[in-house]
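So the protein lines, in turn, are chains A and B.
All letters in the first sequence, in the order written, are residues 1 to 323 by the working numbering.
All letters in the second sequence, in the order written, are residues 1 to 348 by the working numbering.
Just so you know, the hints here were simulated from the structure itself, not pulled from any lab data.
Where hints are given, some of them may not hold.
Facing chain B, a subset of chain A residues (Cβ under 8 Å, in silico) [claimed, not checked]:
#1 V125
#2 S126
#3 L274
Okay, derived cross-link-like pairs now, DMTMM-like style, lysine to aspartate or glutamate, Cα gap no bigger than 25 Å in a straight line [as the list claims (entries may be wrong)]:
#4 K301(A) x D36(A)
#5 K129(A) x D138(B)
#6 K284(A) x D228(B)
#7 K326(B) x E345(B)
#8 K284(A) x D226(A)
#9 K93(B) x D282(A)
#10 K326(B) x E208(B)
#11 K284(A) x E95(B)
#12 K93(B) x D138(B)
#13 K326(B) x E342(B)
#14 K129(A) x D156(B)
#15 K284(A) x E96(B)
#16 K93(B) x E310(B)
#17 K93(B) x E2(A)
#18 K93(B) x E56(B)
#19 K93(B) x D312(B)
#20 K303(A) x E317(A)
#21 K170(A) x D36(A)
#22 K303(A) x D282(A)
#23 K129(A) x D141(A)
#24 K129(A) x D312(B)
#25 K93(B) x D119(B)
#26 K326(B) x E216(B)
#27 K284(A) x D70(B)
#28 K93(B) x E301(B)
#29 K251(A) x E172(A)
#30 K326(B) x E310(B)
Restraint ranges, calculated between C-beta atoms of paired labels, are given here [claimed, not checked]:
#31 E216(B) x D131(A): 53 to 59 Å
#32 A38(A) x Q183(B): 52 to 58 Å
#33 K93(B) x R184(A): 41 to 47 Å
#34 G309(B) x N9(A): 24 to 30 Å
#35 S233(B) x A182(A): 43 to 49 Å
#36 Q237(B) x L4(A): 29 to 35 Å
#37 T260(B) x S116(A): 27 to 33 Å
#38 A57(B) x A304(A): 24 to 30 Å
It should be emphasised that the depicted structure is a prediction, and the values quoted were computed from it without experimental measurement.
Ideal placement from N, C-alpha and C gives every residue a C-beta, glycine not left out.
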Amino acid sequence: MEFLQSLVNSLPGVLGQGLIWGLMAMGVYITYRVLDIADLTVDGTLGFGGAVCVLLTVNGVNVWLATLIAMLAGMLAGLVTGLFHTKCGIPAILAGILTQLALYSVNLRVMGWGTSAGTQATLAVSVDKYDLILSSRYVRDWSENLINNPIVVMIPVTAVVVAILWWYFKTESGSALRATGANRQMARAQGINTSTATVIGLMISNGLVGLAGGLLAQYQGSSSVDMGRGAIVIGLAAVIIGEVLLRGHGKVLVGLLGCTLGSIVYYFVIQIVLRLGLGTNDLKLFTALIVALFLAVPYWKGKAATARKRSVNSKEEKNNARA
Amino acid sequence: MMKMKKLLCIALAAIMVLALAACGSTTQPSENGDPSSAPASDPAASAEPSENAEVEAQYVVGICQQMTHDALDQATQGFKDALNEILGEGVVKFEEGNAGGEQNNCTTIIDGFVSEGVDLILANATWPLQAAASATADIPILGTSVTDYATALNIDNWTGTVGGNISGTSDLAPLDQQAAMIQELFPDATNVGLLYCSGEPNSVYQIETITGYLEEMGYTCTPYAFTDVNDLSSVTQMACDNSDVIYIPTDNTAAGNTETIANIVLAAGVPVVAGESGICSGCGVATLSISYYDIGYTTGEMAAQILQGEADISTMPIQSAPNVTKMYNATNCETLGITIPEGYEAIA
Numbered sequence: 001m002e003f004l005q006s007l008v009n010s011l012p013g014v015l016g017q018g019l020i021w022g023l024m025a026m027g028v029y030i031t032y033r034v035l036d037i038a039d040l041t042v043d044g045t046l047g048f049g050g051a052v053c054v055l056l057t058v059n060g061v062n063v064w065l066a067t068l069i070a071m072l073a074g075m076l077a078g079l080v081t082g083l084f085h086t087k088c089g090i091p092a093i094l095a096g097i098l099t100q101l102a103l104y105s106v107n108l109r110v111m112g113w114g115t116s117a118g119t120q121a122t123l124a125v126s127v128d129k130y131d132l133i134l135s136s137r138y139v140r141d142w143s144e145n146l147i148n149n150p151i152v153v154m155i156p157v158t159a160v161v162v163a164i165l166w167w168y169f170k171t172e173s174g175s176a177l178r179a180t181g182a183n184r185q186m187a188r189a190q191g192i193n194t195s196t197a198t199v200i201g202l203m204i205s206n207g208l209v210g211l212a213g214g215l216l217a218q219y220q221g222s223s224s225v226d227m228g229r230g231a232i233v234i235g236l237a238a239v240i241i242g243e244v245l246l247r248g249h250g251k252v253l254v255g256l257l258g259c260t261l262g263s264i265v266y267y268f269v270i271q272i273v274l275r276l277g278l279g280t281n282d283l284k285l286f287t288a289l290i291v292a293l294f295l296a297v298p299y300w301k302g303k304a305a306t307a308r309k310r311s312v313n314s315k316e317e318k319n320n321a322r323a
Numbered sequence: 001m002m003k004m005k006k007l008l009c010i011a012l013a014a015i016m017v018l019a020l021a022a023c024g025s026t027t028q029p030s031e032n033g034d035p036s037s038a039p040a041s042d043p044a045a046s047a048e049p050s051e052n053a054e055v056e057a058q059y060v061v062g063i064c065q066q067m068t069h070d071a072l073d074q075a076t077q078g079f080k081d082a083l084n085e086i087l088g089e090g091v092v093k094f095e096e097g098n099a100g101g102e103q104n105n106c107t108t109i110i111d112g113f114v115s116e117g118v119d120l121i122l123a124n125a126t127w128p129l130q131a132a133a134s135a136t137a138d139i140p141i142l143g144t145s146v147t148d149y150a151t152a153l154n155i156d157n158w159t160g161t162v163g164g165n166i167s168g169t170s171d172l173a174p175l176d177q178q179a180a181m182i183q184e185l186f187p188d189a190t191n192v193g194l195l196y197c198s199g200e201p202n203s204v205y206q207i208e209t210i211t212g213y214l215e216e217m218g219y220t221c222t223p224y225a226f227t228d229v230n231d232l233s234s235v236t237q238m239a240c241d242n243s244d245v246i247y248i249p250t251d252n253t254a255a256g257n258t259e260t261i262a263n264i265v266l267a268a269g270v271p272v273v274a275g276e277s278g279i280c281s282g283c284g285v286a287t288l289s290i291s292y293y294d295i296g297y298t299t300g301e302m303a304a305q306i307l308q309g310e311a312d313i314s315t316m317p318i319q320s321a322p323n324v325t326k327m328y329n330a331t332n333c334e335t336l337g338i339t340i341p342e343g344y345e346a347i348a
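Just chain A, with the same shape it has in the complex (with noise of 0.2 Å):
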């Protein structure tokens, strides 16, 4: 009971985290699911992200301004895997790779901006200080400061985000990059510039996860280089569950609302793991086989169903060959 308990008290740290991260996911979602393309810059773009918008925010930026150009700064890296990808001809895979691996050494630059080193690892955003979008501070704060709190900034901004990506998705330039991601060779066909539409894809998933680490890094107080470190498993783990759970494949906007509740889900499951006292050694073992168990499920029902069809199928054969 004791541990229910507890496990109720900690919904509120699960559902910022989760909001935040969902965003995340919602770029991974498009890279991985809409454009077909598997991109690992991400790992880089949240660092980046977060880098970005503390720095502004440190230098006296609008807040809100700050994590604007962190989204910007975002699209930027996706901008640069996509140059690489269509213009240079690298395997996107690997494109996203050397975005990633460049990208480390300009978050140290970017933290570093202004100090004597030139270079440094993590720099810290007070909320004593500087007026955050949201903090864990405030995330079990239901009376003086509803504004700030991570909960209620954040289920309006997802609400946005997903009513700006539907809406795109149905305008001519998304329903191309839709195309591009389920038949290249069709999508030429019918005309449509699968280069141009490849980089915009990439731009703005990584916009999307430049934002979500802009807000990540308000939320813990700090942004550092290692901060996007196996941050695709997470997004991915998060598209995955929600998928699973929803059961939307193929559907953009359930797609998008599953990122959300896939990634609350997996901080959910991850806070239980952590309650039970499981050594955090094993901690990226057990991420990994959750992981792996979600995307083994659909392949598993998709087994099951062709299986129970080919039966069927064979029984009216049967039947017919009777008659």
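On the provided structure of chain A, position chain B as indicated by the hints.
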């Protein structure tokens, strides 16, 4: 068809719960008496809590450790030993979380402590400290194994006291004494190479500070920064080619790869002075050493004062290690033909 999917969902959920339950039952016993994670403790201390389970816990202390690492483990152990000795066994209940080297996990663990309303948080290393500082302004936070609080918390005009709900201990061996040691051992050297990982804020801080002391003494200092373990050997080689002595701060990346460094510096015949004994025993000749168990213990003493209401955390200055020891690596000194003066202890 829909039924099938629902069944699968339920089955999946059941598997997850079972998996979790299995994890819980296997790990809990080992938590009570696992001596492998507590190298510096006497076995009796770690075995006792299970026997004294009837003592009513008066305080709950949350411990968030950045990763599993010998030094951090020792600091945690020192902290627990101090509290158990001062307040008595079983009076303090310890909630422990290890972030496994991921910043996100620090936020999750700290959030768990805040939701439970623990009486005090021990933030073992920089990320837990940052996460805790962000998460609460009310629960007292003590840091340990943090080198420089001003950098970690972005404080201008550093006075030695953080204020608010934060205090703690620093793992830094006094850098002026380290510079003096380089002068004592290598008075004739001119070029000092400073080897460190640019991804570690603590290292950058130490390099900047010791450069000031060394240049005052007339040495020429050149920083050699590597970004991660992959370019470590080429940067080390470059440092060897251009330096008479190399200094390495308390750098985690260097500490994890001392063999790589040793193979290069010993072959080049360049002595290394290190910021802590782990690096020194791997690739160095001499070091000024602090004990992480000691700083953990000091932090535990501070915690006892705060919990009993004897001290106000907002006025407690950051403390450093109570003792420093001059140490040397006998094997490497012999290889390089360096004679160590009196007053140094050999690293076992």
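Practice task
Taking the numbered hints from earlier one at a time, note which ones the structure violates and give those numbers from smallest to largest.
Solution key: 22, 30, 31, 33, 36, 38
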